[in-house]
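Undergrad: So you can see what is in the structure, the chains are spelled out below.
There are 2 protein chains.
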Amino acid sequence: MRQSQLFTKTRKEAPADEVSKNAQLLIRAGFIHKEMAGVYTLLPMGLRVIKNIEEIIRKEMNAIGGQEMFLTVLQDKEIWEKTNRWSSDKVDIWFKTNLKSGGELGLGPTHEEPIARMMTNHISSYKNLPIYAYQFQTKFRNEVRAKSGIIRGREFSMKDLYSFDLDQTGLDAFYEKVALAYKRVFNTVGIGHQTYRTFASGGPFSKYSHEFQTVCEAGEDRIYLDEKSGIAVNKEVLNDEVLKDLKLAKKDLIEKKTIEVGNIFKLGTKFSEPLGLFYTDESGVSKPVIMGSYGIGPGRVMGTIVELLSDDKGLVWPKTTAPFQVHLVRLGENQAVVSFADNLYSDLEKRGVEVLYDDRDLRPGEKFADSDLIGIPVRFVVSDKTVAENKIEVKHRTLSESELMSIKDALKIL
Amino acid sequence: MRQSQLFTKTRKEAPADEVSKNAQLLIRAGFIHKEMAGVYTLLPMGLRVIKNIEEIIRKEMNAIGGQEMFLTVLQDKEIWEKTNRWSSDKVDIWFKTNLKSGGELGLGPTHEEPIARMMTNHISSYKNLPIYAYQFQTKFRNEVRAKSGIIRGREFSMKDLYSFDLDQTGLDAFYEKVALAYKRVFNTVGIGHQTYRTFASGGPFSKYSHEFQTVCEAGEDRIYLDEKSGIAVNKEVLNDEVLKDLKLAKKDLIEKKTIEVGNIFKLGTKFSEPLGLFYTDESGVSKPVIMGSYGIGPGRVMGTIVELLSDDKGLVWPKTTAPFQVHLVRLGENQAVVSFADNLYSDLEKRGVEVLYDDRDLRPGEKFADSDLIGIPVRFVVSDKTVAENKIEVKHRTLSESELMSIKDALKIL
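From first to last, the protein sequence lines stand for chains A and B.
In case it helps, my numbering puts the first sequence at residues 14 to 427.
In case it helps, my numbering puts the second sequence at residues 14 to 427.
Careful: at least some of the hints might be erroneous.
Identical copies go unnamed one by one, so any copy, or any two together, can satisfy a pair.
Said to hold, decoys possible - Computed cross-link-like contacts, DSS-like style, restricted to lysine-lysine with a CA-CA straight-line distance of at most 25 Å: (1) 196 <-> 363; (2) 241 <-> 90; (3) 300 <-> 363; (4) 64 <-> 140; (5) 263 <-> 160; (6) 22 <-> 408; (7) 160 <-> 264; (8) 22 <-> 300; (9) 196 <-> 140; (10) 408 <-> 260.
Keep in mind the hints are simulated off the structure, nothing from the lab.
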């Protein structure tokens, strides 16, 4: 798209009350707008990044048999009372509201209860299992503090997958499949090299759950990492028994600040029993369905990419999540330059390359500063000088040197 | 996808408390699940339909210069007080909630206020205008009665577009562009033949707004239609002055029940002035931005398609919005039939045809009843009989006769 048409403007300063690096940069570059603490609008380029992240996750979820659906924000008190999670003593981040026609509702902070109840309509026999269903839905958490930008929002996007299995064996096998799919997601979005599957607290149905923790200075979490084996443990659960279980020596562990970018959890019958989600097995016996839940927050992943990869000039997007693949920057308004750049722009669009075309009449310094701030992976510069040689100047966002290339060669690097 | 894998099951009866035809059929066919009155989960096939409708709308919005973004659900009281729309005396469908850290929030029933405030960061000069921005976002309305299924929900999807212009001329021209784009949307989704641009109440900045009203027995709205000219007027605004304005004779008007599937509204400076959205014109004078707003509810469009097109056997989807393009129904479990159908299924998938493959071991009557209920536009039946002739039986959902065809010929009709 033409940058002269893009309605968002970059800005030199973030709002004074914004303390997180991720939100500061994303606001300055025009990717998000702060409505209030922990509540951010996605502007066009921010939405493009989120859609890219969602699509990467969606493909992996579909590949392991996930079926996409879309649960509701408004929550029926009745089902949350059955699992003892309605009271604010039990779940302390509820937003609640009232129906005019009478009755209290909640805004979904997670969706185990409604999906378990809904599945009672679709699961009755062992023949119906296993089922894996997921969604991308906005979640609401009434956080007292929301200082980490889009990493801990009061309103945020979540991909949540739920598994419904016959037995523990089925759950265990699918759980490992999800863990591998999550690893692929984090590799693809560009944070895999710093992301560790981490042992975390389990529950009545499994000794441990697992989190995916990305090592990052801005992290609110703490893990202990054994760098040799790559085994990581959430600080909250580390004790002598865990060390023994995992064959770790305390002296080999290094404490790291981390962001939790995903988690996987074996729920067992915790939700199926109180909500009446049972199936009849081959011998006619009624049994509770065995559940698991698996979350990744696309907004939090976006924030983590920013925290991890950006530099002092601005955002740095991996190719897979970038709002555009190429930033075409035109310097000057001479007819020859304009027509060269216009032609290159339409050629790139025809080839299906997502390109942001800076066709604005601004000084080169301003254009380059904006380009660095926005962080598109590759920059093509068209100027009097490049046009004279029938070439373009190509610069990767993460390299300091640029290179003069023919258009043909430049296209090869995309 | 294989129907044996699809987790939703069809059912003979809708929930007893569900009185609307659209929700009854969509629940029975496994497209939606009722969480509570006016609040419905989208199951996999329902989500596919909504995504198709959204994509049709998105293309039209992009074609007229719309830039997609994503505003928030949680609303800051402060901006709604500035426009005098916070109080429940003024807007009687608010859901409100409280921040734990103090303060009251609303759940967005519409988004004029936050987008006007946000635009103050991006609009300062006449050079920044016009801007057209839109989103697909869940809206919340605390309706006392919610008896029309997905046509009047308490939680529902909305495409809302907002225009920001220099002056009335710009607004007027864009308004007509949107009207044409809306016409194309309703034609494409399959309800255009019954949908009328209807004169409705305006406001301080324009005498009329316009609604797009679909003639339908289930409609809660009433319009007067002049069938000869195609001019329609919302019953609420019809009076002698309007008749004169539109050169209509009362005797030519027929009252029709309708569903409002879209609306377009000239807002003028109603929101820009109180929220401080001004620009500086070429001569340095500060002026309020001229706004318009334009809505289509994808869920309501889906409900309207159901009300308008379904028959006594079930749903009937137009090709453009159908969850799948082809319903491949296999009758029997003989090796020859299974391998013929399996091959056809993978061939269709390879060609990028969206196909639901009924590979379940059920009686033909049950399969056909399910197929009619689900309402995919074209059915391919593979049975001993068709395999013997190396053909398939092709049936359109809306025709009673089927036809034996070679696969090659059958592919041509897709």
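Undergrad: What hint numbers does the structure not satisfy?
TA: Violated hints (numbers, rising): 1, 2, 3, 4, 5, 7, 9, 10; every other hint is consistent with the structure.
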